[in-house]
Each structure stands twice: as C-alpha cells, then as structure tokens.
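Visitor: Each chain, letter by letter, is given below.
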Amino acid sequence: MTSAASGQKPLALEGIRVLDFTRVIAGPLCTMTLGDLGAEVVKVESPAGGDDTRFYGAAKLGGETAFFMTYNRNKKSLVLDLASEEGRAIALSLAEKADVLVENFSTGVMERHGLGYDAVKARNPRIVYCSISAYGRTGPSAARPGYDPVVQAESGFMSITGSPDREPLRTGIPMIDVTTGLAAGQAVLAALYAREETGQGQFVEVPLFDTAVAMTFHFGMAYLVSGENPERVGNSSPAAQPIGVFHASDGPFQLTIAGERVWKKLVSDVLQRPDLLSHPDFAVNQARVANQTALREILDDIFAGDTRDSWVARMRAAGVPAGPIRTIAEAVESPEVKERKLTGDAPHASAGSAPYIRNSMRLSGTPIREAFGAPLLGQHTDEILASWLDLGSDRISALRESGVTAPRGA
Amino acid sequence: MTSDAGGPLEGVRVLDLSRVLAGPFCTMQLADMGAEIIKVENPDGGDDTRHFKPPEAGGEAHYFLAVNRSKRSIALDIRTERGQEIIHGLAAQCDVLIENFRVGVMRRFGLDYASMRERHPHLIYCSISAYGQEGPMSDRPGFDPVLQAESGMMSYTGEPDRDPMRHPLAIIDTFTALYATSAILGAYIARQRTGRGQHIDLALLDTSIAVQTNAAQAYLVSGENPVKMGNSHPTAVPVGLFETQTGPIYIAVGTQRLFKILCEKVLQRPEMFEDPRFADNAARQANRHALFALLSEAFAAEPREVWLERTRTAGLPVGAVRTVSEALRSPEVAARGMVTRVTHPTAGELELLGSPLNFSETPVRKPKPPPLLGQHTEEILRDLLGVDAEGIEDLRRTGVIPKQVEPH
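Quick mapping for you: the protein sequence lines, in order, are chains A and B.
The working numbering puts the first residue of the first sequence at 181, with every later residue one more than the last.
The working numbering puts the first residue of the second sequence at 192, with every later residue one more than the last.
Please keep in mind that the hints were generated in silico from the structure rather than gathered at the bench.
All values reported here derive from a predicted model rather than from experimental measurement.
Please note: incorrect hints may appear among the correct ones.
Unchecked claim - Not everything, but these chain A residues come out facing chain B in the computed CB check (under 7 Å):
| id | residue |
| --- | --- |
| 1 | 339 |
| 2 | 341 |
| 3 | 394 |
| 4 | 404 |
| 5 | 410 |
| 6 | 413 |
| 7 | 415 |
| 8 | 416 |
| 9 | 430 |
| 10 | 511 |
| 11 | 513 |
| 12 | 543 |
| 13 | 568 |
To be verified - With beta-carbon atoms standing in for the labels, derived distance ranges:
| id | chain 1 | residue 1 | chain 2 | residue 2 | range |
| --- | --- | --- | --- | --- | --- |
| 14 | B | 327 | A | 291 | 20 to 30 Å |
| 15 | A | 499 | B | 447 | 52 to 62 Å |
| 16 | A | 444 | B | 415 | 36 to 46 Å |
To be verified - Below are the DSS-like pairs computed for lysine-lysine, each with C-alpha atoms no more than 27 Å apart in a straight line:
| id | chain 1 | residue 1 | chain 2 | residue 2 |
| --- | --- | --- | --- | --- |
| 17 | B | 244 | A | 240 |
| 18 | A | 445 | B | 594 |
| 19 | B | 244 | A | 444 |
Backbone N, C-alpha and C define an ideal beta-carbon position, used for all residues, glycine too.
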C-alpha cells in the first residue's frame with residue numbers, strides 16, 4: 181500500500197518489508213504495530229490451519245475468529261509448508277527481500293528450518309531479525325516454552341496483584357504478552373533506525389520473562405532498595421484512604437482520595453457531609469487509614485443512595501478522581517471512546533467489513549494507516565510470490581499443486 | 192548484554208519535560224537504547240516521584256529510581272521567560288521533545304507544538320495526556336486507577352465472586368509509555384526520509400482501549416462482555432493456582448495431551464486420566480470442582496521444587512508463583528542479567544532492574560544512576576548552550592536555576 185491509499189501524508193514505515201513468522205499474541209502484536217505504521221507485513225502460515233488463534237474462542241465474523249482479527253490487521257497472509265525443502269527455500273528467498281524478520285517459535289525451530297539468524301544474515305546482512313522468546317535463546321531455560329500466566333507467576337508480577345486475603349491474581353489482559361509485543365516493536369524500530377546510520381542489520385531479542393521482570397518497576401525497585409517484599413493491596417492502599425471500589429445504587433465505581441485537599445472536596449462538594457471533616461476519626465489521612473472500616477460503612481450507605489452516573493458526574497465537577505467501573509461494552513460505547521474515534525471498520529475478505537480497535541499512536545506527519553482487516557489463511561500467497569520473488573503464474577500454480585503453498589482458492 | 196557506549200539510538204538527543212511514570216518510562220527506554228536524555232525538572236522539588244517514599248536509597252525514592260536511570264537532570268524554572276528561552280535553545284539541539292503536562296500548560300509557556308514547530312521543524316514532539324490534546328475532555332486530569340475502571344479493564348480482572356480488581360501498577364501509564372516509544376521511533380525513521388519532525392498525541396484513554404486487544408475485539412464481534420475468571424481460564428481446565436507443601440504454583444493445562452502428561456508423568460495417577468469425569472475438556476469443565484479438589488490434595492503432598500522439576504521434565508507449562516524477592520534473586524534473573532548495579536552519588540552501590548531488549552550489534556547501554564535533582568544543570572547549560580560562569584551565576588541569582596548546587 182502506498183501513501184496515496186491513506187491520504188496525502190506519507191506513512192512512517194513506507195517501503196519497509198516485514199516477514200512475519202509469529203503466532204498467537206506477542207509476536208503478532210509486534211508486527212501489527214509495524215503494519216499500523218505503514219510497513220508491508222507478510223505473515224507466513226502453515227498450510228495446516230495457520231496461526232493457532234484462527235481457532236481461539238467462540239466469537240467469529242465471516243468465519244474468522246475475533247481473536248485472530250485482534251492481532252493481525254494490516255497484514256498479508258502467505259501459506260508456506262516449512263516442512264518441505266522447497267517451502268524452506270522460498271522462505272529464505274523471501275527473507276532476502278525483507279527488511280525485518282520476526283519469529284516466536286520455540287528455541288531451535290528456525291535453525292532447523294534453515295532460517296536461523298546466521299543463515300538469513302548470510303543472504304541478507306541488512307536484515308533486522310527479531311526473536312521473541314520465552315526465557316532467552318541461550319541459557320538453561322532456553323528450551324522452555326512461554327505462557328503469559330506462568331511468566332506472570334515466575335517473575336513476581338503476579339504476587340503484587342490481588343487482594344491481601346486471597347491468592348495472587350493473574351491480570352485479565354495478557355499483560356506480559358502485550359508488553360513484550362510492544363517492547364519488541366520498539367526494538368525493531370530502534371534497529372531500523374540504527375541501520376540507516378550503520379548500514380547493517382542485527383539480531384534483536386526480547387524474552388517474555390525479561391519483560392515481566394522489567395514490568396515489576398517500582399515494586400521491584402522497592403525490594404532492591406529495602407529488601408522487603410511488596411504486599412498485595414487489592415483495590416485499596418495501605419497509605420491513603422478512602423481508595424478503592426465503591427458501589428452506587430446501580431453499579432461500582434473507583435474512587436481515589438490521596439490527599440487532604442481532595443478529601444475536603446469529596447465531603448463538602450460531593451457528599452455534602454462537612455461533619456466528616458471535623459470528625460476526629462476521619463479528619464486527617466492517618467485517622468482515615470486507622471478507621472477505614474468505619475469510614476467504608478458510612479460511605480457505602482451514602483453511595484447506595486444515588487446512581488453511579490450521578491456520583492461520578494458530581495465528583496468530576498468537583499475535581500475528585502473517580503470513574504465508573506465499566507464493562508467492555510460500556511467502555512466501547514462510552515462518549516470518551518466515541519469522541520476519540522477509537523473504533524473503526526476495516527474492509528475484510530469474508531466479513532465484508534470488520535470492526536477493530538484503533539492503534540493509540542497519533543502522528544501528525546505520518547499517520548497510522550487506514551486499516552485493512554486480518555487476512556484469510558493464504559489470502560495473499562500468490563500476490564506476494566509474484567511481487568517479492570517475481571515468480572510467474574506457472575510456477576505459482578505448480579507450488580500450489582505440490583502443496584508447498586496452499587489454502588485460499590486452491 | 193550491555194555496553195558502555197553505543198546502543199541503536201546513539202547520537203539521538205531527547206529533551207524530557209515529563210514527570211511521574213508514562214513519560215519517564217518512555218525516555219528511560221530511549222536512554223537504554225543509547226539516546227541522551229536531558230530531564231528538565233522544576234527547581235522546587237523536581238519530578239513528583241522523587242517524593243514517593245518510603246522506601247528510599249540515599250534520600251532518593253524507589254519510585255524515581257525505578258524509571259530514571261541513564262538520564263541527566265537540569266533544574267530549570269520554565270515559568271520564567273528566560274527558562275522558556277533556554278528550552279528553545281535546548282530544543283534546537285535535540286531531536287525529540289516529550290511532555291506530559293495537563294493540556295494547555297505548555298501553550299501557556301509558549302512551548303506547545305504549534306509555537307515550536309516553526310523554530311524547530313526537525314523536532315519530534317510527543318505529548319502524553321489523559322484524554323487527548325483536543326476535544327471536550329482534554330482538560331480532564333488522568334489517574335491510572337480511574338482509567339483502569341473506565342476502560343473496562345477492571346471488569347474482567349479478579350475473582351468471579353469479588354469486586355473487579357485494579358492492578359497496583361499504573362499499567363495504563365506503562366502501556367502508554369511503550370506506545371510513545373514506538374511512535375517516537377516511527378517518527379524518527381520517517382524523519383530520516385522526510386527531514387521533518389512532527390507532533391505525536393498519545394492519550395492514556397486511547398491506550399487503555401487499544402491494549403484490551405482480544406477481549407475488546409470479541410465484544411465488537413459478538414456483543415458479549417468478558418467475565419472475571421480469577422486465575423482460571425474460560426475454556427481450558429485445569430488452569431489455575433495450587434498450593435504445594437512449600438509455596439504456590441501456577442499450572443496451565445490447555446489440551447488433552449497436556450492433561451495426560453499431568454496425570455501420568457507428573458502426578459503419577461494414571462487413573463485420573465481414565466476417570467470419565469475428566470475424559471475431555473468439556474467433562475473437566477463440568478466437574479471442575481471435583482478435579483480441583485483432587486489436584487489441590489495431590490499438589491499439597493510434596494514441596495514446590497519436586498513439582499517444578501517433574502513438570503519441567505515433562506514439558507508441562509507450570510511456574511512457581513514467586514514473591515518479588517524470590518523472582519529477583521532467581522537463577523533465571525541472574526542468568527539474564529536483569530538486575531544490574533550502579534554507583535549512585537548519594538546511595539552508593541545501588542541495584543537497578545535491567546532492560547528486556549537485546550541487540551547483537553548495538554547493545555543497550557550500561558545503566559548510569561538516576562540523577563539527583565539538577566545534578567547536571569551547569570554542564571548542560573555550558574556544553575549545549577555555551578553559557579559561561581557569569582551567565583550561570585546570573586541564572587542562579589534570578590532563580591531560573593536553583594541557587595544552591597545539589598551535591599555531586
């Protein structure tokens with residue numbers, strides 16, 4: 181796709197070719213980010229069904245799963261049987277034409293296919309080759325497969341999530357897969373930038389485990405400076421009150437009162453209970469922390485007397501940090517999401533058009549590309565073989581018939 | 192792998208007017224990758240997170256130390272005209288400017304993108320805000336827990352019988368920082384071709400929606416909301432946390448093949464695999480209670496190390512649910528070099544977390560300690576703007592930079 185297709189402005193990664201051997205979440209999110217920025221992403225999939233997420237979950241549109249659609253917009257799909265010698269040879273030829281290669285197989289798989297970094301580099305020294313691994317490509321854990329919740333557990337990340345009286349909790353979103361995918365995207369971009377300066381590509385690796393450890397941030401840092409483990413605090417805080425989830429007559433909301441100024445606004449402007457300000461049990465934060473059970477009872481009573489929208493509107497007007505705890509449906513249909521135009525519709529081969537969540541990056545000079553929907557399995561096989569490798573139609577047909585390439589239309 | 196110099200972004204210079212988490216984490220990544228970061232702080236206390244303590248080391252808060260390694264700090268009052276002129280002077284020598292003030296603040300100082308683009312057309316200017324740079328909500332402040340609530344993310348985090356659960360880390364800030372870094376790098380690559388900078392508008396709200404990926408996409412396609420599952424999985428059974436004799440483990444058994452391995456090789460109870468109640472995933476879903484009871488009893492009978500050893504040998508996805516200390520002192524973290532050491536001017540020997548990015552040719556830089564407030568004020572003014580001793584003294588006298596030099 182050229183800049184003409186997305187309006188007059190150029191795309192940031194126009195002309196960059198990405199050969200994508202990734203599956204499931206972290207890798208596909210990395211390459212989708214590159215696709216959103218304008219790169220041409222060719223997703224290489226196996227003839228036997230392709231990316232696993234083509235079969236994940238019940239939600240489907242046009243016969244395709246929502247799960248797969250999530251991480252694969254702005255990509256082209258090419259089916260290639262890497263178990264065949266000819267398939268591997270074609271993959272290597274494609275790698276020769278690519279600026280970026282991204283893969284998240286188990287350690288050793290790419291080498292077995294003759295597609296390891298050294299083999300690819302020998303043919304294309306300018307390539308940026310990105311491996312998204314579980315525990316690193318070298319070392320004692322290199323062979324272990326990676327799973328987001330397992331890595332959340334082992335990195336200490338899970339130990340800080342959840343209520344103090346319950347077991348540690350996994351996040352609802354696949355936090356480590358997503359952060360690793362984003363980190364890998366930026367590593368590729370930095371390596372592309374460096375290539376302009378040095379003329380050379382390189383090997384880039386971002387492991388799930390390393391990302392998870394990095395994501396413990398100030399909790400990890402607190403341990404490193406104090407030697408003490410952070411405690412789970414649930415929705416609340418040991419340091420300030422009231423903080424947490426409260427229930428209005430028709431739904432929950434989140435309230436964060438982190439200082440005396442905001443506490444005063446809450447009781448005078450929102451609750452209209454100035455008596456709480458002078459009450460010795462609640463007058464200052466320290467007292468509120470000590471008497472949080474009693475305080476919660478009072479607040480629960482008050483909040484039950486009106487609707488969530490009403491409380492949140494009053495809090496917002498008063499400058500008190502609070503927000504409704506929305507379901508996904510409520511969030512996606514909210515005025516904020518509409519105002520920011522965070523959802524869109526993209527043309528899709530079997531669904532006609534498919535809704536999607538926009539990338540959150542907004543660049544004034546090189547905007548995110550107008551999206552096209554996630555590809556059907558092998559939708560662009562012939563097109564890519566012709567445009568990247570200059571193969572003629574006879575050869576393309578022969579590859580199809582011999583099963584080196586496959587699905588879609590054959 | 193790290194190196195003393197280099198990094199893929201060697202030679203890139205970033206003027207960093209951001210505070211707290213989203214901006215500072217973004218610029219820390221740029222710093223890890225070799226960019227030179229000039230962190231501009233108000234002389235009156237600097238970045239708010241310098242005061243987020245305890246714990247602390249050498250008077251510096253852990254929170255600040257966590258996201259400000261490898262930066263230099265200049266203390267500068269940008270409310271003054273001379274302070275603003277210094278920002279312009281520095282911007283002329285920088286490639287990237289990043290700020291996360293409330294919308295309107297930079298305009299008031301004459302430092303918003305519209306005011307700067309003419310003098311600095313090369314500048315990549317990244318704004319991070321709560322609800323975007325324009326529109327009716329742009330003046331609303333952003334609080335991470337409020338955005339976790341409003342975005343829908345909390346509604347499916349937590350246990351089914353409990354309140355929705357917030358993550359204690361400011362994760363929306365974190366995700367926004369990752370997107371900001373990518374956007375800046377994308378803009379930089381475009382600048383190599385076009386020669387022009389541009390404005391980047393990143394909103395916490397936008398990111399909070401974008402990162403919900405498959406959950407949000409499933410809603411768009413089906414109209415159905417995801418539900419809270421605690422540590423278990425909507426379809427695969429058994430997935431969850433189990434106590435052993437010596438600490439919890441997390442197991443994720445998503446297929447029939449893995450369930451067979453679990454029963455036969457790990458638990459050494461082949462009869463469980465033959466049990467019709469657990470014959471396939473659907474049966475296991477229906478008899479989840481009975482299965483979890485059996486598993487809880489089995490896992491409680493041996494120490495964690497035994498289970499980890501057996502599951503690893505068998506290739507089953509299982510991990511110890513570690514505390515932060517167990518994780519940071521684990522052999523994996525040691526092998527990956529994810530805890531590094533620096534010598535800090537007031538804290539002395541200081542451990543920091545590492546970067547998860549690994550480059551074969553341009554390794555991430557060896558970390559430098561997070562700066563003291565205004566530690567590099569004088570050298571930045573001298574080296575980048577050619578301000579002489581007399582000029583520095585004058586800036587000091589007029590309060591544009593702090594009167595007292597911070598101890599080095």
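Visitor: All hints, please: hold or fail.
Guide: To see whether the hints hold, each was checked on the structure:
1. For the restraint placing residue 339 (chain A) at the interface with chain B, the shortest Cβ-Cβ distance is roughly 5 Å, inside the 7 Å limit, so the hint holds.
2. Against a cut-off of 7 Å between C-beta atoms, the interface hint on residue 341 (chain A) holds, since the closest Cβ of chain B lies about 6 Å away.
3. About 5 Å separates the beta-carbon of residue 394 (chain A) from the nearest beta-carbon of chain B, less than 7 Å, and the hint is met.
4. The interface hint given for residue 404 (chain A) holds, since its Cβ lies 4 Å from the closest Cβ of chain B, which is under the 7 Å cut-off.
5. Annotation: interface hint on residue 410 (chain A) holds; nearest CB of chain B at approximately 6 Å, less than 7 Å.
6. For residue 413 (chain A), the shortest C-beta to C-beta distance to chain B is roughly 6 Å, which falls under 7 Å, so the interface hint holds.
7. Interface hint status for residue 415 (chain A): upheld, as the beta-carbon distance to the closest one in chain B is roughly 5 Å, under 7 Å.
8. For residue 416 (chain A), the suggested interface contact is broken, since its CB lies about 9 Å from the closest CB of chain B, more than 7 Å.
9. For residue 430 (chain A), the interface hint is violated, the least distance from its beta-carbon to any beta-carbon of chain B being 15 Å, above 7 Å.
10. A cut of 7 Å between beta carbons decides the hint on residue 511 (chain A): the least distance to chain B is about 3 Å, and the hint holds.
11. At a threshold of 7 Å, the smallest CB-CB gap from residue 513 (chain A) to chain B is about 10 Å, leaving the interface hint violated.
12. The interface hint given for residue 543 (chain A) holds, since its Cβ lies 5 Å from the closest Cβ of chain B, which is under the 7 Å cut-off.
13. Annotation: residue 568 (chain A) was flagged as interfacial toward chain B, and the flag is violated, the nearest CB pair being 21 Å apart, outside 7 Å.
14. Between residue 327 (chain B) and residue 291 (chain A) the beta carbon distance is about 55 Å. The supplied range of 20 to 30 Å is therefore violated.
15. In this structure the supplied range 52 to 62 Å holds for residue 499 (chain A) paired with residue 447 (chain B), their Cβ-Cβ distance being about 55 Å.
16. For the pair residue 444 (chain A) and residue 415 (chain B), the supplied restraint of 36 to 46 Å holds, since their beta-carbon distance comes to about 42 Å.
17. Taking the CA atoms of residue 244 (chain B) and residue 240 (chain A), the gap is about 48 Å. The hint is violated against a cut of 27 Å.
18. Between the alpha carbons of residue 445 (chain A) and residue 594 (chain B) the distance comes to roughly 36 Å, so the proposed pair goes past 27 Å and is violated.
19. At roughly 24 Å between alpha-carbon atoms, residue 244 (chain B) and residue 444 (chain A) fall within 27 Å of each other, so this suggested pair holds.
Checked against the numbered hints above, the structure violates hints 8, 9, 11, 13, 14, 17, 18; every other hint is satisfied.
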